[in-house]
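A.B. asks: Just so you know, the sequences run in chain order A and F.
Be aware that the first sequence starts at 1, since it is given in our numbering, and climbs by one per residue.
Be aware that the second sequence starts at 1001, since it is given in our numbering, and climbs by one per residue.
Keep in mind that the hints were calculated from the coordinates and are not lab data.
We put the CB at the ideal spot given by N, CA and C, even for glycine.
Treat the hints with caution; some may be incorrect.
Said to hold, decoys possible - Stretch-level coverage of chain A by chain F, calculated; a stretch enters the list once three of its residues show a Cβ under 8 Å from a Cβ in chain F:
1) 57 to 63
2) 77 to 83
3) 94 to 105
4) 113 to 125
Next come the chains, spelled out residue by residue.
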Amino acid sequence: MQTINVLITGVGGQGTILAGRILAKCALESGFDVKSNELHGMAQRGGSVTCHVRFGDKVFSPMIPSGEADFMLAMEELEALRYLSHMKKGASIVMNKRNIMPAGLENKTDAYPQEIQKKIEELRFKISALDAQKIARDCGSIKIENIVLLGVLSKQLPIKEEIWKEVIKTAVPPKTIEMNLQAFEKGRLTA
Amino acid sequence: MAQKKELMTGNEAIARGAIEAGLSYATSYPGTPATEILEYLAKNFKGRAEWSVNEKVAYETAVGASYTGRRAMVSMKHVGLNVAADPFMTSAYLGNKGGFVVVVADDPGAYSSQNEQDTRIFARFAKVALFEPSDSQEAKDFIIAAFDLSEKYKMPVMLRSLTKLSHTASPVIEGEVREENKLALQKDPSQLIAVPSNVVRLHKELVEKQTGLMADGAVYNSIFKDKQKKGIIACGIAYNYAMEYADEYAVLKISFYPFSESLVKDFVSGLEEVIVLEEGEPVVEEIARKFHGKVKGKITGEINRVGETGPDALAKYFKKQVKGAEVKDLPRRPPVLCPGCGHRELYKALKAAKPVFTAGDIGCYTLGCNPPLEALDSCLCMGASISKAAGIAGQGIKRIACVIGDSTFMHMGIPALISAVYNRANITVLILDNSSTAMTGHQPTPLTGVTAKGVEVPRVILEDLCKASGVTSVTVIDPINVEAATALIEEKLGKENGVNVIIARRPCVLSRKR
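With the rest of the complex left out, here is chain A (with noise of 0.2 Å):
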């Protein structure tokens, strides 16, 4: 099989790199060659982070090369604007609608970019967008918007569920696990 790229942005503190960390994991699982990527050098400050997730039958280069990227996981939506570079072209794109203002800007809320999913639209990707973090919420915690991310991205990749289900147990802290599993399937739900 083809080397299937995945590309995972966000900001520092929004569980990006344990969507990446699940992703690869079911990778791996599934029987694929696997490298991923975690570019978080000054994340928990706020930062842009991105994680590279490639896997398939041999992967080398443990980035996505530009202009390679099969799929975009956002967790927010300037970050998925920021890496539209890094996709190939109709690439399919999962986007939490979701704002978050870049430090120092949080008094000129005109300099975030508008109507972020028409662009994206207009570029011509295929996009998925849906406010997450409602949907966490209302299994439990906002901080499980990842997991419902995933669980959109996850009805596009050759992944069995059972598999998604199984490495989610295993990467969450215990107490959480029903409310992670819960979150998955609202998020395959709605895709």
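Given the coordinates of chain A, assemble chain F onto it according to the supplied hints.
C.D. replies: Below, chain F alone, put in the same frame as chain A:
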């Protein structure tokens, strides 16, 4: 049955490799991208794994451990090796008894570093062998090979990681854990004492070891050549980038240094064109140029001379790079001091006190150089703030301040402080004490009173340390009270009575949340 594969980052694989190799002692000082090596060991290795106060101490402690016949490893980021350069250079002469491996993680692109230096040149300078893995499995395998080689040649062996290797997870097959070496501490003065009567002989022995190292390391460098007319020489991680084009291009994979130059000579002969792909300096490119007229790379400008080479360099060169839809002029999302961080309040006070120049240092608080704070005027290397301030003030310029974090102060600030006191520098030293090494993920320090393994130990008291260094004026404040802090800094800046230390103490907000 196929062996079970685990996903491991390069750093985890390095640590796991050391455990499998029969490690007895691991040391480090936190620094991105190498930090997680020691963190993995502190958690998963039963033996000694510790944070030293700096890389020089970490290096020397590991050397000492190897003198007992046991296996030891020190890990650090690239600039850490500058700090450890003194023991590093001479330990190559003196060698070790048990295997001794030096892991250095470079940061091409300077994602979180003050420079882009290439550790391969340092290895060549010291005449020690260096492995350069391309993925996590190799990182683990090479660490084990490095320990064996180090024991065979009785010299340190290095492994170079990179940000993209250290922080990329890929499948690893775990192996058996070898037993520790037996304790065998013995005196060996003609070998272990670097005095003039020994060193020239020891240097000769080091030079003589090179031929053997090249021969033993040859298996790690391989050629993938069929009938291709062009070739790529790819070092370490760049092997992955080259293999994306292996149908059209022959590939020489370099994973071990030093290598015999005939390897390169044989590979390039008969090829129409050769591209050299390596992260860092054009080390191998320079060699290839001796044997082929059409070598493309960083010297000739086809590959960017600076910054990270990455997967796109080749695509760009082959004009195969796909340009996606780019949306320009987006607001940046720079890293910032966290909400509630004490550093921000201290910087407000410092700015209000109007120092003429503020020498900065390395840590979270370096972010204070950015708008809107713009409170720092320089940042050079670990511990340099106090010394730089002393140099400026020594020219008679008044109101000179410097800012240093608590972990950085322990790392390299203490000698600078003593020197400033001794030489009667008129400076105000602000020690930003958040009680942890916050930038790299809250590793403890001697001031925290907890070891890497979480064992509680007596704390070093910062104010006592400053007083013992000869500072007569040591004041502790909570920076949250900006007005009081401003008044105090103003008062101290106005004095011309030597070194004044202000300790701005407020635990890191992130560690308080934990």
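A.B. asks: Are there at least three residues in the region 77 to 83 of chain A whose beta carbon sits under 8 Å from a beta carbon of chain F?
C.D. replies: Result for this restraint: holds, n = 4.
A.B. asks: When I compare C-beta atoms, does the region 94 to 105 of chain A have three or more residues closer than 8 Å to chain F?
C.D. replies: Result for this restraint: holds, n = 4.
A.B. asks: Cut-off 8 Å, C-beta pairs, minimum 3 residues; does the coverage of the region 113 to 125 of chain A by chain F stand?
C.D. replies: holds (count 4)
A.B. asks: Quick check: do three or more residues in the region 57 to 63 of chain A have a beta carbon closer than 8 Å to a beta carbon of chain F?
C.D. replies: holds (count 5)
Checked against the numbered hints given earlier, the structure satisfies every one of them.
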